[in-house]
Amino acid sequence: MGEKVKVGIVGIGHGKFGNRSDANVQELAFEPFKQAIEDTKNLRRDNIDALIIGSVPEYHMQRSLPGVVAEYTGMNPKSTWLTEAACASGSAAIRTAYMAIKSGMHDVVAVIGVQKMRELSTEDILALMGRVGDVQWESIFGTTFPGYYALYANRHMHQFGTTREQIAQIAVKNHHYGALNPNAFFQKEVTIERVLDSDDVAYPIKVFDCCANADGAACVIMTNEKKAKKFTDTPIWFEGLGSASAQMSVLRRPNLIEIPSAVEAAKQAYKQANIRPSDIQVAEIHDCFTIAEIMAYENLGFCPKGKGGKFIEEKQSYIGGKTPVNVDGGLKAKGHPVGATGVSMIIEIVKQLRGDAGKRQVSGAEIGLTHNVGGIGQYTFVHILRR
Amino acid sequence: MPFKYFGKINFTPYTKVDKFAEYLQKGRLMGTQCKKCSEKYFPPRADCIKCMSDDVKWIEYSGQGTLQSYTKIYAAPKGFNDIAPYIIGVVDLEEGGRLLSWIKNIPDDEIKIGMPVKIIPRIFEEIEEIKLYYTIEKGETN
Numbered sequence: 002m003g004e005k006v007k008v009g010i011v012g013i014g015h016g017k018f019g020n021r022s023d024a025n026v027q028e029l030a031f032e033p034f035k036q037a038i039e040d041t042k043n044l045r046r047d048n049i050d051a052l053i054i055g056s057v058p059e060y061h062m063q064r065s066l067p068g069v070v071a072e073y074t075g076m077n078p079k080s081t082w083l084t085e086a087a088c089a090s091g092s093a094a095i096r097t098a099y100m101a102i103k104s105g106m107h108d109v110v111a112v113i114g115v116q117k118m119r120e121l122s123t124e125d126i127l128a129l130m131g132r133v134g135d136v137q138w139e140s141i142f143g144t145t146f147p148g149y150y151a152l153y154a155n156r157h158m159h160q161f162g163t164t165r166e167q168i169a170q171i172a173v174k175n176h177h178y179g180a181l182n183p184n185a186f187f188q189k190e191v192t193i194e195r196v197l198d199s200d201d202v203a204y205p206i207k208v209f210d211c212c213a214n215a216d217g218a219a220c221v222i223m224t225n226e227k228k229a230k231k232f233t234d235t236p237i238w239f240e241g242l243g244s245a246s247a248q249m250s251v252l253r254r255p256n257l258i259e260i261p262s263a264v265e266a267a268k269q270a271y272k273q274a275n276i277r278p279s280d281i282q283v284a285e286i287h288d289c290f291t292i293a294e295i296m297a298y299e300n301l302g303f304c305p306k307g308k309g310g311k312f313i314e315e316k317q318s319y320i321g322g323k324t325p326v327n328v329d330g331g332l333k334a335k336g337h338p339v340g341a342t343g344v345s346m347i348i349e350i351v352k353q354l355r356g357d358a359g360k361r362q363v364s365g366a367e368i369g370l371t372h373n374v375g376g377i378g379q380y381t382f383v384h385i386l387r388r
Numbered sequence: 093m094p095f096k097y098f099g100k101i102n103f104t105p106y107t108k109v110d111k112f113a114e115y116l117q118k119g120r121l122m123g124t125q126c127k128k129c130s131e132k133y134f135p136p137r138a139d140c141i142k143c144m145s146d147d148v149k150w151i152e153y154s155g156q157g158t159l160q161s162y163t164k165i166y167a168a169p170k171g172f173n174d175i176a177p178y179i180i181g182v183v184d185l186e187e188g189g190r191l192l193s194w195i196k197n198i199p200d201d202e203i204k205i206g207m208p209v210k211i212i213p214r215i216f217e218e219i220e221e222i223k224l225y226y227t228i229e230k231g232e233t234n
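Chain order of the listed sequences is Y and Z.
With my numbering applied, the first sequence corresponds to residues 2 to 388, in that order.
With my numbering applied, the second sequence corresponds to residues 93 to 234, in that order.
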């Protein structure tokens, strides 16, 4: 196995995201795993060498998730382990699977991103997520996850003149596309007024600027190019993978207007794929809050720094614009089961590149990108896929 | 004065920079400085990021700074509901480094990014146990 071995996706499965009080965590994981196997041509469970789980452990009563998922999916005694990078755990799992296949250690790897978040109260989740900042110097003042993004939003508005209306337009777009996605938590359009009139969470962030905590799972099956043809007629290939970190504490970051790990991860991925940002025909972006999508346009090079607000105002991220973004509804409309999100993003890009995205198809899309941010920017994974 | 007394709720009782709390109780805002490469740290660190030396000394900060950004928290996490809504600010300190805390004694409509502010060391009078913190308040305009 050398440098030239291509790694691709041969099967995808996506469960319904939302309030899944009908299922426990391993039952959630089973749904997309079964679908992903059925999505392949003739792949049997025994063909899978390893099962990698992307999930954030703190949300579940069940400890050590790979154990229970491997048992419930009937994968024992195959190798299994967990990857964690906060909200980017799913992408970390995919990167790990890529490494395993590229190295020749495993030929076929299943990745399941899964999270059950609604066992906890919103107050508990706010406390848990607030501690994704620095607990020694920040959390003691009652910081929250939306609070950190609010600090970014206010600074972005101050420095670049980004408007509250432009930020709200992200929610309008993502709900517009979410309405076309049967797996989305919210399948309803919203207006700018509805967003701006919603309750305050952390000024200037309102309820409708936030993605919802959700339960859900998604699965992809990955393999090398030698085996790919056996399992599918339409493999989708990994062309570029970027991964970078940034300071845990906003007090040690160079500034509050960009996510430095995203800038670095994007640079790596574009370089490996040997393409420019303008070559991306469809993208899945980590819109945990509406301002995050605006910052991501800039960090990924879809528009110059400070022009993210204008990019959405001009509808450049709609189908028909320069770079369609989150045409499956994004985290905003789909819901954000943290471990599942990175895998869910990959699945939408695979559907788009296969030409299977139905009403939300970006016509003729050949190159797509995912951008998955962990925490308040401590980790970013960027993946570039090609038909 | 152990570090557990720093913060309304403290998550890190054990740290190599626990003298910070002792200084704060005396009204002094302290950071650290690397004895080898002179890099300054606020929040204080026991180990230098730049040169990896573990030999640092305490230095006093003036508490003067400018407001980098702020937010008003309405949806508070567990343990902070009783004081919500509250305003959190991030301050660029005059000597370098940043600090995050509550903005106090400035009317909402007078809070502006870029305004001069001053950090004031404080003790929670209304909580029986000793609880140290600091606030961001109006600074002097030059």
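Please keep in mind that the hints were generated in silico from the structure rather than gathered at the bench.
Using N, Cα and C, we set each Cβ at its ideal position, and we do this for glycine too.
Treat the hints with caution; some may be incorrect.
[Said to hold, decoys possible] Here are some of the chain Z residues that sit facing chain Y, going by a computed Cβ distance under 7 Å: (1) A167; (2) P169; (3) K170; (4) I180; (5) L192; (6) W194; (7) N197; (8) Y226; (9) K230.
Legend entry - Contradicted hints - numbers only: 7, 8, 9
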